[in-house]
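**Student:** Work out the full structure, taking the sequences as your base and the hints as a guide.
Chain by chain, the residues run as shown.
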Amino acid sequence: MEGLAEAHITHLPPMDWSFSLFGHPVHLVLNFHFSPILFEETWFVMGVLIAIAGVCRLALNKYPGKLQLVFELFAGFIRDLSVSSLGVKTGNKYLPLFLTLFMFILISNYMCLIPPVFQFLWTVIALGHKLIAPDAVQLVYHSLFDWKLIAPDCTWYSWMFHFPIAEEPTKFLSTDLALGLTVLGTVHINALRHKGFLHYLGYYMHPLPAKMPWTFFFFLNPFFYLNIVGQFANTMSHSCRLFGNIYGGAIIIVIVSGLTKFLVVPLALLTFFGLFVGLIQSFVFTILAISYIGAMEEE
Amino acid sequence: MDLTIFKICAFLGAGISIGFGAIGSGLGEGMIAMQASKNLGRQPGASGKLLRTMVISQAVCETPAIFALVIAFLLLFKSPENATLVQSIALLGAGITMGLGAIGSGIGSGLPGVSASNSIGRNPATTNTTIILMIISQTIAQTSSIFALTIALTMYSKVFPNTIVSIGAIIGAAISMGAGATAAIGVGTVGKFAADAVGRHPQDSTVLTRTLLIGAAVTETVVIYALVIAILLVFVAV
Amino acid sequence: MDAMNGAELVKAMALLSAGLCMGIGALGAGLGEGFAAGKAVEAVSKRPDQATLITRTMLIGQAVTETTAIYAFVIALMLVFK
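Order-wise, the sequence lines are chains A, B and C. Per the working numbering, the first sequence starts with residue 1, numbered consecutively. Per the working numbering, the second sequence starts with residue 1, numbered consecutively. Per the working numbering, the third sequence starts with residue 1, numbered consecutively.
Hints in this document: simulated from the structure, not taken from any laboratory. As the structure is a prediction and not an experimental result, all values here were calculated from the model. Treat the hints loosely; a few may be bogus.
Here are the computed lysine to aspartate or glutamate pairs in the DMTMM-like style, where the Cα-Cα straight-line distance is at most 20 Å [stated by the list, open to error]:
#1 46(C) to 204(B)
#2 39(C) to 204(B)
#3 62(A) to 72(A)
**Tutor:** The structure is reproduced here in structure tokens:
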């Protein structure tokens, strides 16, 4: 299928990663992990969060109004979760991290609500432009199958077609991997500080016992390497779950919108994939972060 | 001729990916709905909580099917700029990986929702703790489909050398990851008993969560073996 | 495709069977370990004070079940690197 949907998926610059794995060169071309305006989108989300924080701080009242009540309920809910899983001390210590993770991912996922305004305007203007030209009927008929016919790149409004669409920053693997690595760092640094190095190392010998004579042979223990791989697999699944859900939803919405050339908004799809899945995935990310910190701390 | 084979494999891969991938999520969500209806009959007063739990668990259980749909869309709209036989088989392999890998994850995600419905039907006061444990176990059961998604995406975008060894490696990796991810049904069973247990004893939710995580992690190591073999096949042995 | 000689075909089939071996081998072990862990969770819910004992027993049982998966893993590794 030619046209807008494919242009959107493949117009991102392909980044060529070449590295050597066990001496064999590996070339990966991944063009779904970066966008021209990724940093600007992330700054926008951060700006929204800081604005909300500033407004709430200035408008704090001893007798909470409706908005403050909503935020208090939400903060209390996450605080109950983390304190019941991690205990009072650790739970309160990492509470800002969990709240920030939840709100950042939530607002990032809700950036899908910003519609592709410029593409819509381009469609309307292009069709209008061609309607006042001769052979209008032929052109409209052919334009339904090939975009380039009704608006070549030399018109004054052609920049609208190439304007980057406002997307969720969590749609790209880089953001999600960054969030996952943050949680990984927190988990292990907390475990090291809480348990000491030897007890922390003993976790990796599971299920073989970590008593004194065996700890010297920890390199021979096969479960040692498996547990290390398991930790990385944990982080990978943590970030890729968010990536897969949001990227998948975005692809489906772009393709279905592209079928109607961005004129009709698929509302039902947008509500499910954008709002519902966005909320649930941010909640799942936060809860799993809490569980990982608790699991590593106690073992 | 190469272009024909490319298109054949791309379409076949897309069909297999979503065709098999929808089995698991369909079964899982159906089981959830079945239990929700049964518990509504048993306790109509808790209908609000039961409905909310059912919708949340079904939405989380949808994830493996979404992954399979993503791979199917990517395969459908793949532009043929490198249409050799090996690349075509790579696309087919991506479809098989994701298709088979989503079956087990879907069923494994559905099982915790089943017993969460039962818990809430028995004792509606424990709803919040049950929902949290159910969501945790559902997401852990979906780890296998995430592994399958990464292997499928790698096969989709990697440029393979043009030998017959690559064909064997691709099909091997596809079957390894695809069939290995069916072990997620076991992880779902852990979640099923965990959600049941937390319904009976909600005050022990911390200990239960910890046991759940340990048990699920050890069961997951089997899927990690399959992932390691698939990664070795796709990156090293090719 | 370049010339397809016997050695390459054998290697291709070896890689394919490595995948087949690990894939189907992981199935049964995963299912079994899952059942074990599930019943362990149920037991912990009945007697939460015995949690460590139950967990340890579960881990021993799961380790024995894992040996079948390890057999499949070892054979698959040998097939990949032979």
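**Student:** Is the hinted pair residue 62(A) and residue 72(A) satisfied, with a Cα-Cα distance of at most 20 Å?
**Tutor:** holds, 12 Å
**Student:** Given the hinted pair residue 39(C) and residue 204(B), is their Cα-Cα distance within 20 Å?
**Tutor:** holds, 16 Å
**Student:** Verify the proposed pairing of residue 46(C) with residue 204(B), using a straight-line Cα cut of 20 Å.
**Tutor:** Holds, because 10 Å separates the two Cα atoms, which is no more than 20 Å.
Checked against the numbered hints given earlier, the structure satisfies every one of them.
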